[in-house]
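Colleague: Sequence:
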Amino acid sequence: MSDVPKRKVNLDVIGQLEEDLEESPLDYARWTKLIKQVVNKDKEEQVRRVFEKYLSIFKHDGAQWCGYISYEMNRGEFQKVETLFGQCINLVDDVELYRLYVSYVRRTNDVITGGEKARGVVIKAFEFAVNKVGIDIASGPLWNDYLDFLKSWTPTASWEQQQKVDLIRKVYKRFLVIPTEKIEQAWSVYTKWESDLNASAASKFIAAISAEFMEARSWNTEWQNMTQKSLRRSIIPFSITDSQYGHLVRSQLDLWYKWIELERKNNLAIKEESLLQARIEYVFKQAVKCLPFVPEIWFKLGRFWSASNEDANANKVMTLLKEGLVLNPRSFLIGFELAELYEKDGNFGETKSVFEGIIDHFVKDYSSVTEKINSILDTINKPKNQPENSKNNEDDENEDEIDYNQVFNQLSEPQVLELQKLQRQLEELNKCITLLYSKLMLSAKRANGITEARSIFKQARKISYIGYGLYVENAMIEYYSDNKSTAIKILRLAMKKFGQNGEFLLAYLDYLITLNDFESIKTFFEQARTNLLKDYNTEKEDLDGMANNSNSVEKLKREAKIRSLRKCKWYLRKLTEKFARYAANNDLQMVMSLEARYSQYFPEDDPIEFFSDRYSIGSMNLIEKYDLGTARKNELDSPVEIQPHSPKRRKVQLPNIPKDFPAIANPEPQMSTPEPQAQKSFVGNNIYNLLRVLPSASYFGPPSEHVFDGSKIVELLANLPDKPN
97 MSDVPKRKVN LDVIGQLEED LEESPLDYAR WTKLIKQVVN KDKEEQVRRV
147 FEKYLSIFKH DGAQWCGYIS YEMNRGEFQK VETLFGQCIN LVDDVELYRL
197 YVSYVRRTND VITGGEKARG VVIKAFEFAV NKVGIDIASG PLWNDYLDFL
247 KSWTPTASWE QQQKVDLIRK VYKRFLVIPT EKIEQAWSVY TKWESDLNAS
297 AASKFIAAIS AEFMEARSWN TEWQNMTQKS LRRSIIPFSI TDSQYGHLVR
347 SQLDLWYKWI ELERKNNLAI KEESLLQARI EYVFKQAVKC LPFVPEIWFK
397 LGRFWSASNE DANANKVMTL LKEGLVLNPR SFLIGFELAE LYEKDGNFGE
447 TKSVFEGIID HFVKDYSSVT EKINSILDTI NKPKNQPENS KNNEDDENED
497 EIDYNQVFNQ LSEPQVLELQ KLQRQLEELN KCITLLYSKL MLSAKRANGI
547 TEARSIFKQA RKISYIGYGL YVENAMIEYY SDNKSTAIKI LRLAMKKFGQ
597 NGEFLLAYLD YLITLNDFES IKTFFEQART NLLKDYNTEK EDLDGMANNS
647 NSVEKLKREA KIRSLRKCKW YLRKLTEKFA RYAANNDLQM VMSLEARYSQ
697 YFPEDDPIEF FSDRYSIGSM NLIEKYDLGT ARKNELDSPV EIQPHSPKRR
747 KVQLPNIPKD FPAIANPEPQ MSTPEPQAQK SFVGNNIYNL LRVLPSASYF
797 GPPSEHVFDG SKIVELLANL PDKPN
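Counting from 97, one number per residue, gives the positions in the sequence shown under the numbering used here.
If you are wondering where the hints come from, they were derived from the structure by calculation, not from laboratory data.
Don't take each hint at face value.
To be verified - Distance windows between CB atoms, simulated: (1) 175 x 464: 40 to 48 Å; (2) 324 x 638: 55 to 63 Å; (3) 449 x 399: 19 to 27 Å.
To be verified - Simulated pairs of lysine-lysine, PhoX-like, Cα-Cα distance not exceeding 25 Å: (4) 663 x 636; (5) 288 x 269; (6) 149 x 137; (7) 651 x 674.
Keep in mind the model is a prediction, meaning the values are calculated, not measured.
Every residue gets a Cβ at the ideal spot worked out from N, C-alpha and C, and that includes glycine.
Construct all of the structure, not just a fragment, from the sequences and the given hints.
Modeller: See the structure below:
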């Protein structure tokens, strides 16, 4: 153990980072530091090796693809550059990556020496780029690069000049109907270009795209108001459950969902469904790129693809989820979804691999936490008469639990707190591993039959710390396969190991109730009650024997005992209530006897609670509601909160109109709640909706100096029927 720190001290910064990444290959911050270090050191093979390894994990990181490609371009390694573009260009939707791609094409196809042929190649590259990422709200620089390239062309013939103008106008027509961050600035440049080119014809061309531009501008304003400059377009390397940055991830995820919902509204009035779906898909993919450690966004993108064409996109979805599982190797959401898709595809081998991969990660976590616990316990002086392997008993369900009575008094308060924290982690990992094996077993039954399921059960139960859920799940698989005798044998086997586990006892009782064998149920209940009551009395005696002093370790010890006592009592009560409800179908005298015995055990409990439970149906307890006035809340009966409908989607700067004035999203007549008369008399819908889509005032004025004739708009407004009084 002492050799490890010494070895690490002798490593340089790069070596230390590489060693750390071997242990934690998803540590984005360390990868970023390592890449920066190796690029500064500039050893080509080392740089390539680090980039290749990083990009095999973070495949969608456009920024690092740009970094890697730029590194090779700076060395003139064009063959390598083309290979890298081939690997990433259809995988990563990143504006800067496509700008770099066009830059490379321009560098290798000089229009001065290559003439028309080289210009054609560059134009094809620009077309490829804008077709891939031109819908991005941040794609303005790419479109401007394209326009600047076309404008830099110096034709030698008149027909070439006309071709140049047509190409530029065509690009503007596509560019200005897409919402981009500086759309108004682009519009100003366009209108000036048209006016400089031909003032008399400018208004015709401008008017042709004015309406679509207004929709794009309106959408852009709504997007800006929605995101409030808070949406981050770079990788956020944290999960939504991160204790320190989880709130940041959640806020970013909410913004991405709002953006997706905005696209679904189709405020751009896109007529082709395929184009609308492409915009939605693009935003989903951007969210996946920026939030790689959020499983739900991977899941929802996969579901989006499946909903659009399940059969055609099946392989695409599976590839996506495999990539998501690499970055989220402990994700139940991605793992279970991918496993189901493989199972549906008839590939149980891959299904099993998915489960086993996730299980391996949790098993490693379990071993790591166990080592930490042992390192704390190693500080305790063990009694000389205690054998080393005293806990190696397969039938002991508590072999992973710590005997606080023995260890608390020999530890400091920080050690006790750390031990309790680690013990909770161990219990949680136990549940995770148990769940994974249980669902793998169920999948095996569906795919390959009961024999395969039994094989997995046999393998899993060899794990000493496997939970009771595996046995219950296997028993139910046997039960639904008409093997009731096998099912009961499995539960009896589990009873030997988990006979004092309240959750298992409740599950066992549920199973027996489905069989409706009254005598077996009665016998089991007495055995389970005895086990829990024995545990309860033991815990209570230990608690009563503890000194009630202010010593911090003693307080922690008492708290642990109190929690254990409450847990034991809770399960004993639930078990008794469940049996009482069943017994009420057969023998009222037995039920009354149960109530009496329970009151004897726990005289401090209110007998009405136990009694009223028998006269409830599901969550409906009318005794509590009408006789006690303490009805439990049912979320189905909670008040419905209806948000006041407002079609306003964006703020519009209009002269002399109050900020709270309701905007009309649709100029068509609609059935709606009448607005206050005071608001109606101020300005009519016709005027308001016209003002919403008009360009800014700078576009209006004398025809010789402005795009639109200001006198015409004044005349139009004057003739509208609902102008202000």
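Colleague: Would you mind marking each hint as holding or not holding in the structure?
Modeller: Structure-based check of each hint:
1. 175 x 464: 40 to 48 Å: holds (44 Å)
2. 324 x 638: 55 to 63 Å: holds (57 Å)
3. 449 x 399: 19 to 27 Å: holds (22 Å)
4. 663 x 636: It holds: about 12 Å lies between the C-alpha atoms, which stays within 25 Å.
5. 288 x 269: holds (14 Å)
6. 149 x 137: holds (18 Å)
7. 651 x 674: Distance of about 35 Å is beyond 25 Å: violated.
Hint violations for this structure: number 7 only, all remaining hints satisfied.
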